Every structure is written in structure tokens, then in C-alpha cells.
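*Asks:* Those sequence lines, one after another, are chains E and S.
FYI, in our numbering the residues of the first sequence are 1 to 87.
FYI, in our numbering the residues of the second sequence are 1 to 277.
Simulated from the structure, these hints should not be mistaken for laboratory data.
Keep in mind that this is a model prediction, so the values were computed, not measured.
Accuracy of the hints is not assured; some may be wrong.
What the hints assert, rightly or not - According to the in silico footprint, chain E covers these stretches of chain S (three or more CB under 8 Å from chain E): (1) 199 to 208; (2) 216 to 223.
To be verified - Only part of the chain E face toward chain S is listed, based on derived beta-carbon distances under 10 Å: (3) Gly11; (4) Ser12; (5) Pro14; (6) Ala16; (7) Ala47.
Claimed, not checked - If you want the ones that stay clear, here's a sample from chain E, every Cβ over 10 Å from chain S, calculated: (8) Leu41; (9) Glu44; (10) Val48; (11) Val53; (12) Gln61; (13) Asp65; (14) Ser71; (15) Asp76.
Note that CB positions come from ideal geometry on N, CA and C, so glycine has one too.
One-letter residues, chain by chain:
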Amino acid sequence: MKLPSFFSRRGSAPIARERLQIVLAHERALNGTSGDLVRILQEEILAVVARHVKIDRDMVQIKLDRGDSISTLEIDIQMPGEIAPAL
Amino acid sequence: MMEMAQMAKVLVVTSGKGGVGKTTSTAALGAALAQSGQNVVVVDFDVGLRNLDLVMGAERRVVFDLVNVIQGDAKLAQALIRDKRVDSLSLLPASQTRDKDALTPEGVARVVAELREKFDWVICDSPAGIERGATLAMRHADLAVVVTNPEVSSVRDSDRIIGLLDSKTELAERGERMEKFLLLTRYDAARAARGEMLRTEDVLEILSIPLLGIIPESQEVLRASNIGSPVTLSSPDSPPGRAYFDAARRLRGEALPVAVPEEKRGIVHRLFGRRVA
């Protein structure tokens, strides 16, 4: 059930605050010193993959998530249609 | 002369996002510092979209501009416009017609160095965005005022600008830390109290830089730009006027506590109070 607009309108500021905290945590990781690392990784991984498979640069997503004890590097390469070996 | 050069401070007023109050704040802080006896120049870096001249009420006195000085077509002294109300306040206008590439890194460095010798404060009004004009405006700064509205897109852009201040400036490249201050503008205490607007502490927590001041939303600010006068000159006793004076005192190193505007008055009070304010 939807809350009456009188209630849901109150307190949109906490939502703003939470959304900002999430997006900035992500952007700081990309723009900070680790941003260079992500860029370097992206270029080199791309070069390796492109040697064997035809890929579209725009279809590559690289994400670095920094945790306290463990960080993850996520590489998402979309290859639409059939995999066409690069010549 | 040497002593003067060491004392001068180059301040960049920046934000990333447009329309948050950089130019208004440059004019008000510059005038407030000059009114307290400091020798101040405000420099418009928004080449192609100059507006500091208009906000300062000097639009009809512009003969030469920053680009003319950089390209050697005019001497610095010819381009500087001295304020008619406060004689320790000067303006270096931006060019209106030429393209943005007219600002060269070497030219900006030379002009800023020359201004340092003549003034106590060199206040650089940055254009919006993160392109050449904005990075050149912050390039030689000793300290930065980050103008932010309590609104998501402004806070996000301020965060980005803080990142640039910490990496793309001369100070940062020398491995030194740039002093950065938050100037929260268009703040509406009543809406913040109702949870409709980010509160001061929310913005401070997210951006984690010290607070220089909170400028309340006020019709005096619009009135000031309408008549071409910094608000500290046109309405020195108005809430925004006082807030800018206090911010200027903090820039000079005074440990003045920042009062967060509070909305305590009832609706009846507000209705009647508005007429007076």
C-alpha cells in the first residue's frame, strides 16, 4: 500500500543523503588513485582479449570494489552475437 | 614588495555545478574582505560567459580583460577596474567573445603571479564544469571555497571538484595539501528542519571539509545581483550579508563559530516576518 503523499513527502532528505553516500563511495574509488589502476587494468585486459576475440570497447565494464579484508575486481565483457575470432 | 608577495593569498571559488552561487559568493566575499581593509582583486575566469562584471555593477566599465592581458594586448593595470564604492576592491573581467583556448597555462601563471604582488587577496571565480577554465582557475590557488547547495547534484559535483583540488593544482603536485572550505548556499533552515532538504551536517559529513559559512536563501541575494552590488554592500545587515561577512572573517583566520540557521518561529510569525525581512 502506498503511503499518503503527506507522509512520503516528509523526509526525502535522508534518501538524498543515502543515495549520495553510495554513489560517492563508488566514484571516489574510480577517481582516486585506484582510478588509475582500474584504467590500466581495463586497457591491458582489453588488449589481451582483443587479440583473440573481436570486442566492442563500450561493452566492457570493469569494477573494483574495495573491502577491508578482501577486494574484488569484476570484469564484464559483453560479446553480442557469435564470438568472432579476431584476425 | 617581497613581503607583500608572501602575504598574498590566492583563493579559488569553485563548485563544479553551475548556478550554485560562485559568482555571487566571489563578489560578496571579495567585497567583505575589501570592506575590512584588505586589498582585494576578484578575477573572472569564465571566458566567454563573463558575469562577475555584471554582479559587481562594473559591466559598463570593461575596456580590457584577462585574455587581453594574457595575450599581451593590454597591461594588467589597464584591465583592472577599481570598485567605485570600496577603493581597495578591484575586478579583472573575463573576455566575452574569444574562445576558451585563449587562456594559456603560462599566461594565467604570469597574471596570477603579478596579481599576488599587488593584492592581499586574489579571488578567482571559476567557471562551472571541470574543463580547462575551471582547472586553470584553481591551478595556482592557496585555498579553495567550494560553493555547494544542499541538493544531490551539487554535493556530488563538489565532491568531484574536491578530488581535482587535491590532484590537479600546483599545491597538490608539490605534495602539499590545499585548504578547502565549504560554503553552503541557498540554505533553507525550515525545509532542512522538515527533512525536505539536506541538513548542514549531512553535507559536511559527506564532503568532510571544514565549514566556512551557511548563506541562507534570501531575496536580498537576487536583489543584490539585480542592482549590481555585492550583497555585503547593498544589504550588509541582511542574513546573507552577515553570513558573508562572517565567512570573510573566517577566511582571515578568525575562529568564529558557524551558527546553523534554525527555524523556530511559527507560521504566523513567518507570515508577518517575511514582510520585514
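*Asks:* Does each hint hold? Answer for all of them.
*Replies:* Each hint, compared with the structure:
Check result for the segment 199 to 208 of chain S against chain E: holds, 3 residues qualifying (beta carbon to beta carbon below 8 Å, three or more required). Only residues whose beta carbon comes within less than 8 Å of a beta carbon in chain E count, and the segment 216 to 223 of chain S has 0; fewer than three means the coverage is violated. Satisfaction of the interface hint for Gly11/E is found here, the shortest Cβ-Cβ separation to chain S being roughly 4 Å, below the 10 Å cut-off. The beta carbon of Ser12/E comes within 6 Å of a beta carbon in chain S, closer than 10 Å, and the hint placing it at the interface holds.
For Pro14/E, the suggested interface contact is upheld, since its CB lies about 7 Å from the closest CB of chain S, less than 10 Å. Interface hint status for Ala16/E: upheld, as the beta-carbon distance to the closest one in chain S is roughly 5 Å, under 10 Å. Restraint check, Ala47/E versus chain S: the minimum CB separation of about 26 Å is more than 10 Å; hint violated. With 10 Å as the threshold on Cβ separation, the claim that Leu41/E sits away from chain S holds: the shortest Cβ distance comes to roughly 20 Å.
For Glu44/E, the condition that its CB be more than 10 Å from all CB atoms of chain S holds, with the nearest at approximately 23 Å. Every CB of chain S lies more than 10 Å from the CB of Val48/E, the least distance being 29 Å, so the non-interface label holds. The non-interface label for Val53/E is consistent with chain S: the shortest C-beta to C-beta separation is roughly 35 Å, beyond 10 Å. Its beta-carbon lying about 21 Å from the closest one in chain S, Gln61/E satisfies the requirement of being farther than 10 Å from that chain.
Non-interface status of Asp65/E relative to chain S is upheld: no Cβ of that chain comes within 10 Å, the nearest being about 19 Å off. The non-interface label for Ser71/E is consistent with chain S: the shortest C-beta to C-beta separation is roughly 20 Å, beyond 10 Å. Against the 10 Å criterion, Asp76/E stays outside the reach of chain S, whose nearest CB is about 24 Å from its own CB.
Hints 2 and 7, counting from the list given before, are not met by this structure.
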